[in-house]
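Protein chains: 2
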Amino acid sequence: MARDICVCLDFLTDAHKAQIERTARSGGMNVRFFTTAQLDEAAAFGRTAEVLYSCVPKLFKQCKELKWYCCAFAGVDVYCKDPSLFPNEHCQLTNSNVYGLTIAEHVVMTALMLLRRMPAYSRQAFAHQWGKAMPIRSIHGLELVMLGTGQIGRCVAQRMRALGAAKVIGVNRSGRPAEDFDEVYPIEKLDGLLPSTEMLVMAVPGTDETAHILSRERIALLPESACVINVGRGTAVDQAALMEALNAGRLAGAALDVFTPEPLPADHPMWETKNLIITPHIAGSTSLPYTCDRNVDSFCEDLENYIAGRPLAHLVDRTLGY
Amino acid sequence: MARDICVCLDFLTDAHKAQIERTARSGGMNVRFFTTAQLDEAAAFGRTAEVLYSCVPKLFKQCKELKWYCCAFAGVDVYCKDPSLFPNEHCQLTNSNVYGLTIAEHVVMTALMLLRRMPAYSRQAFAHQWGKAMPIRSIHGLELVMLGTGQIGRCVAQRMRALGAAKVIGVNRSGRPAEDFDEVYPIEKLDGLLPSTEMLVMAVPGTDETAHILSRERIALLPESACVINVGRGTAVDQAALMEALNAGRLAGAALDVFTPEPLPADHPMWETKNLIITPHIAGSTSLPYTCDRNVDSFCEDLENYIAGRPLAHLVDRTLGY
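Residue numbers (the working numbering), protein chains in the order written: chain H, 1 to 322; chain Z, 1001 to 1322.
Derived by calculation from the structure, the hints in this document are not laboratory data. Computed from a predicted model, the values in this text were never measured in an experiment. It cannot be assumed that every hint is accurate.
Unchecked claim - Cut-off 30 Å, straight-line C-alpha distance, at most; resulting in silico cross-link-like pairs (DSS-like, lysine-lysine):
id	chain 1	residue 1	chain 2	residue 2
1	H	61	Z	1132
2	H	167	Z	1167
3	H	274	Z	1274
4	Z	1132	H	274
5	H	58	Z	1132
6	Z	1132	H	17
7	H	132	Z	1058
8	H	132	Z	1132
9	Z	1081	H	132
10	Z	1058	Z	1017
11	H	132	Z	1061
Make a model of the complete structure from these sequences and hints.
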């Protein structure tokens, strides 16, 4: 019986393919590569494949013999929320926690844009207006709260501290300590932190527990000087409440990369919300060579585990959703 | 005879004033504070003052007995280019090299905005368009060339290295080594560096030597992937050549905080130049408490020197212009 690996991704270079082939061959496995423009061919090959490395739910569903699906994205909420996507009940799911660096650079960029009043300066520049200097703030000496202490949160914390942030507070489910944070608290303590939060960065997975985790009530707890950045899932924010707070000046600014729904319709009021930076879910895009390299490294690491019969390192807990 | 210090600045807090008064009193000197809305009163008091701490050239000119003028800005090109502003021939001039932190944060912000395609994403957001992911780049692994290795250049280099830049090359007049840079070259070597420069950051003073230092010929030497950031003086860039290169796609992007003239007129073609981020000379604004604190510290340090009869630490070389 052929032990096949089906790979269906658009970002792979020849070097990536050679790396995957080398690893596959070392375990006597056979690999074929497809792009997302070749979904039918991929599905035909994948029907009897043991392993799938892709990011396309409907391809996953068609690979009936699959023992392991490595999702090339970090967020696997779509799979955890919909068990019917699983082609069989034994298939293992791993994700790719390799987006920390690029997402952290997005966070540093948008944090500085918010602190330095770029939404207002950009609007003036679009209108050909040479504006006056407005009060700005700095990452130097800033205290920030990072909701989510996974790979993304840690990469953000590292950069903020390197840029002179006074304190980076992590908040996660259990309050378990995490490297690179000055302090870590469980989610139950969040309400107590919010009234003194200048910058709230959110990178939590899309689960039932995180739905509207930044609720209307919590938005009301933030000071007027607070800025909010969300790079996780749009479901984590009460968007209507956030828009109201921004438009009323009860929050200093926000930068959202994720929304419900996506794409954001052209007539959505979000586009005209005050002091809001909108990006179209690109913080963790797969265009950065560094990210793509780590993605393939991460898959090959687990492919070696798979071949050797060891547990997979990047296994998703489907109950938790990450 | 009264030994008077005239202070005419808008950013001083009560704590700053107390700090200056304490230092003045320790040398038996008398200090009075004015804002730039009180120029006439300041000039009346300043006519017989020994020391002026301000940023208003026409006030400086009226303080006929002045022995020392501490300019609260870093750039003193206006004074060095026009000796007629000096109220007498013996007056010493110092400047305030305290803008490194805020300007470096502006550089980090705009560098990320350029590498991550924010000019295009912002334009789409203004048009309510949910755009597609575009190829981006990272500070991680980036090589950059910093023209100017003074306090601003060093603060930029520190931050870029902390964010994982592969190499920060400094370029200055003489090629003298400077802390925080991987390599430093004299200006004569710049042309040899440009063809492989991905990111050129400019923070040079406005002097005859730096006028159009980024000339049409040098812009042509940069690769198509290069981005240019200027936070020094608008005179340093051949603006017409830069606009042409950006509009023709011969450069990936630019972020300019300084221009000729300032303010940039509403009908200037700069506003509509492709992949250009325009800010109205605010990178080094005096709104950041940290910057204001360092400004007053720097003045008081030299006030102690002045009182003790020691040489001033922040003396400007009027021939060099900085």
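Outcome of the hint check:
no., hint, result
1, H/61 <-> Z/1132, "holds, 26 Å"
2, H/167 <-> Z/1167, "holds, 28 Å"
3, H/274 <-> Z/1274, "holds, 25 Å"
4, Z/1132 <-> H/274, "holds, 23 Å"
5, H/58 <-> Z/1132, "holds, 21 Å"
6, Z/1132 <-> H/17, "holds, 25 Å"
7, H/132 <-> Z/1058, "holds, 21 Å"
8, H/132 <-> Z/1132, "violated, 33 Å"
9, Z/1081 <-> H/132, "holds, 26 Å"
10, Z/1058 <-> Z/1017, "holds, 23 Å"
11, H/132 <-> Z/1061, "holds, 26 Å"
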